[in-house]
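Visitor: Protein chains in written order, with the numbering used here: chain B, 1 to 474; chain S, 1 to 474.
The hints are simulated quantities; they were obtained by calculation from the structure and are not laboratory data. Any given hint could turn out to be false.
Note that the list lumps identical chains together, so a pair holds whenever it fits in one copy or between two copies.
[As the list claims (entries may be wrong)] Okay, derived cross-link-like pairs now, DSS-like style, lysine-lysine, Cα gap no bigger than 30 Å in a straight line:
| no. | residue 1 | residue 2 |
| --- | --- | --- |
| 1 | Lys122 | Lys59 |
| 2 | Lys24 | Lys239 |
| 3 | Lys314 | Lys59 |
| 4 | Lys314 | Lys24 |
| 5 | Lys239 | Lys122 |
There are 2 protein chains.
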Amino acid sequence: MAKAPVLTPRAVDYPRWYQDLIAKAELADNGPVRGTMVIRPYGYGLWERMQQEMDARIKEAGARNAYFPLFIPQSYLTREAEHVEGFAPELAVVTHGGGKELEEPVVVRPTSETIVNEYFSKWVQSYRDLPLLINQWANVVRWEMRPRVFLRTTEFLWQEGHTAHATYEDARDYAAHIHRRVYADFMTDVLAMDVLLGRKTASERFAGAINTLTLEGMMGDGKALQMGTSHELGQNFAKAFDTRYLSRDGGRELVWQTSWGSSTRMVGGLIMSHGDDNGLRVPPRLAPVQVVVLAIREDEAVLAKVHEIGDRLKAAGVRAEVDDRTDTPFGRRAVDWELKGVPLRVEVGPRDLESGTAVLARRIPGGKEPVALDALDALAARVPGILQEDQALLLRQSRERRAARTADVSTVGAAVEAALAGGWARIPWADLGEEDEAALAEHAVTVRCLVAEDGSVPDSDDAPGNVAVVARAY
Amino acid sequence: MAKAPVLTPRAVDYPRWYQDLIAKAELADNGPVRGTMVIRPYGYGLWERMQQEMDARIKEAGARNAYFPLFIPQSYLTREAEHVEGFAPELAVVTHGGGKELEEPVVVRPTSETIVNEYFSKWVQSYRDLPLLINQWANVVRWEMRPRVFLRTTEFLWQEGHTAHATYEDARDYAAHIHRRVYADFMTDVLAMDVLLGRKTASERFAGAINTLTLEGMMGDGKALQMGTSHELGQNFAKAFDTRYLSRDGGRELVWQTSWGSSTRMVGGLIMSHGDDNGLRVPPRLAPVQVVVLAIREDEAVLAKVHEIGDRLKAAGVRAEVDDRTDTPFGRRAVDWELKGVPLRVEVGPRDLESGTAVLARRIPGGKEPVALDALDALAARVPGILQEDQALLLRQSRERRAARTADVSTVGAAVEAALAGGWARIPWADLGEEDEAALAEHAVTVRCLVAEDGSVPDSDDAPGNVAVVARAY
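Pulled out of the complex, with its shape left as it was, chain B reads as follows:
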């Protein structure tokens, strides 16, 4: 009898594969309140590493962390008309506090532009205070009708940046800087994900923005996932909250603003980018554990050896962990590390000690290689190079997938066909009328973003040569 697969294979049922993987790799559980999630230690470890890498890039971009309250007076939301229209249907509302009904209900933040502007109005006095570059790591709540763990959850964790600038150009450039130098670099270099940088069309813009820049990743089933967005807010919130500064020539000017966010949704993107039928594959630069050293059986010499190997690898700057839980069968543990996507496993048993050669299992390309146990220096010297190779391989596979599954088309019918077949279609934006967008929508296909003819991010929706990239999306 063939061994039953650990996960539902992707080809059989992709959504079920995704759910299976999250459960069996112990990444997350569904929470008791509909749409919420419990992020388990291994899943949270991935998020912590994302936070570290992202936080360093955000600080490098000059922003400083702060913290704004979870509770926002309902009246704040209504000050910016488009904003409230966009978020009102998703709000969670606190009506009682401390045993009493509240005079004014408060909403649980769905995002913080309004409350941030209330304070920016106080903090920004003169041009000397600009640019004001703030970021916060926080939880937000958007009531979710069709929740899916990591991808669409009622509560999620994210970072949200909020900035104020003296000029339109400065704000525009900063939003673009975050888009490219923070988000795209992080997703490409750390997550090993090929992301398409583009501009959202008016109908897909953030509620209250004048421009939304997006990063779209192609998942294993060819659907798109929005991995992060960076918005130019223009002066919309500045007007609503009267956020002004004293200019060098004595005028009281409205500031220009940006906001930008990336969330635990990226964990879902990671799974669907790199996962295979055996589980997750974690890019080495992200991996909380890059190498796990397993003792196959309880044996004094084996235990001594796995700890020696672990120590050598740690000394070489590798994030290594020893698995000496020999009261759990080796096979089960190996499958578990495979599910969790740890890039490398060194497996050591009594027979390996005798033969002087253990096994190095490579999760990312697959396959096994021998490790000479009398040459651990050589192993420690070799591992960083292997990890780099594997990191590069994941990015290459991600690039190849998008290249192979993106089609240039000239009709809406062909675009729908490409999207339904599990891919993206590129179609001249000028050829897409309102009726065409409606035709796409019938098949749950949307314009993910616009890109310029040369592949860059267009300056406007209507720049000549703009291409619309259409797909089904999570």
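Here the structure of chain B is known, so what remains is to put chain S in place on it, guided by the hints.
Guide: Quick look at chain S alone, frame taken from chain B:
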């Protein structure tokens, strides 16, 4: 005319001094919803450093981070009788989500024991899964009637640890380990605060705990502040949520648990421990900025020099920052860094370049020293030692304050007198009856904790020789 003080002096109005300092050092603002706060970048920088140091110690203690939902079904809270009684009056309740009234209202977590146990019940199967050691960094909400920034806020940030163990002894020892090796070490070594380790009396215990260990700090006005607590939960939550494990001999046993928390309240403790009439004094090991190098005036050579000094210090592993904002008067910037409590300032102007000697201002002991500008290596070599000295000085001052202001007394009257005079009183616990506690309470004086005769933490409330430490408290 004498210069107006920057802050209301402590001796004039201590609470007002505290508020002034928080506003002028730009640590935090009051939020729009009563009792909430906005933590500004400099204040948040202190909290980030606390998180880093605490997180490293928590991981060293074997716990792993995870994340549980913000929203808890109301019914969970009611499963543990004492717990719901303790928290019901402080709950914020969400009654509407996604535009509809919810079938079951959800509460915003005031703490997470209930929802954590719901999942521990699923995750813990056998003795192999124990101990299960989890921590989370999160926001919590407790509706606050008498809010005070950092000290008592409706929403605050904290870490909450939750663990499950096979035996009573293992749980007890872990709670004690967190108390001493994580909390006390962090507060003493990093915050430079002398904290008293003790045991709460039954009436001051966490709602649902069988024992609460506390760390009490003495503030500048002689009041006490509870800086953190570590609880033995016994099997109370395990019973309520049926959290059981399969033991080695095949039984289905209830787990023994702990929980422990420390919060943004520590920022308030830091201010009131080390602050003086000129502002905050930040212990060097905590300080996000240990040395600020100021350019006194706009001048090419001066700017080159301050950056050179900043680079030298950074290369020596010092957290240094350059302040070259010469469009703001030097005096204002110097006062601002003084308010923010940065331990060292190197001040460089054109005349200093001529004389070859700049000024090193020491915030913690006060006073200024010369710095030879042609011997920056000597400066870089000297600074780490100065920072160590200053760290030690703050801890010594904190210890001396407690020693000087703690009195051994034998009557309730004398205890009240000592507390009202701004100090702590030690009184034999066996001498304090219920009536006496009521008499203390009339003056808002409480038993902060019990300590054993030899100063250690007692194993029980009624151990012979137990001493009650009483004080007014924040």
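Visitor: All hints, please: hold or fail.
Guide: Hint-by-hint comparison with the structure:
With identical chains, the CA atoms of Lys122 and Lys59 are at most 30 Å apart within one copy only, with a shortest distance of 23 Å there and 39 Å across copies. In this assembly of identical chains, Lys24 and Lys239 lie within 30 Å of each other by CA distance solely across copies; the values are 27 Å between and 49 Å within a copy. Taking the shortest alpha-carbon separations for Lys314 and Lys59, both the intra-copy value of 27 Å and the inter-copy value of 17 Å come in at or below 30 Å. Proximity of Lys314 and Lys24 under a CA criterion of 30 Å is satisfied intra-copy only: 28 Å inside one chain copy versus 45 Å between copies.
In this homomeric assembly, Lys239 and Lys122 come within 30 Å of each other (Cα to Cα) only inside a single copy, at 14 Å, whereas the closest approach across copies is 51 Å.
Comparing the model with each numbered hint stated earlier shows that all of them hold.
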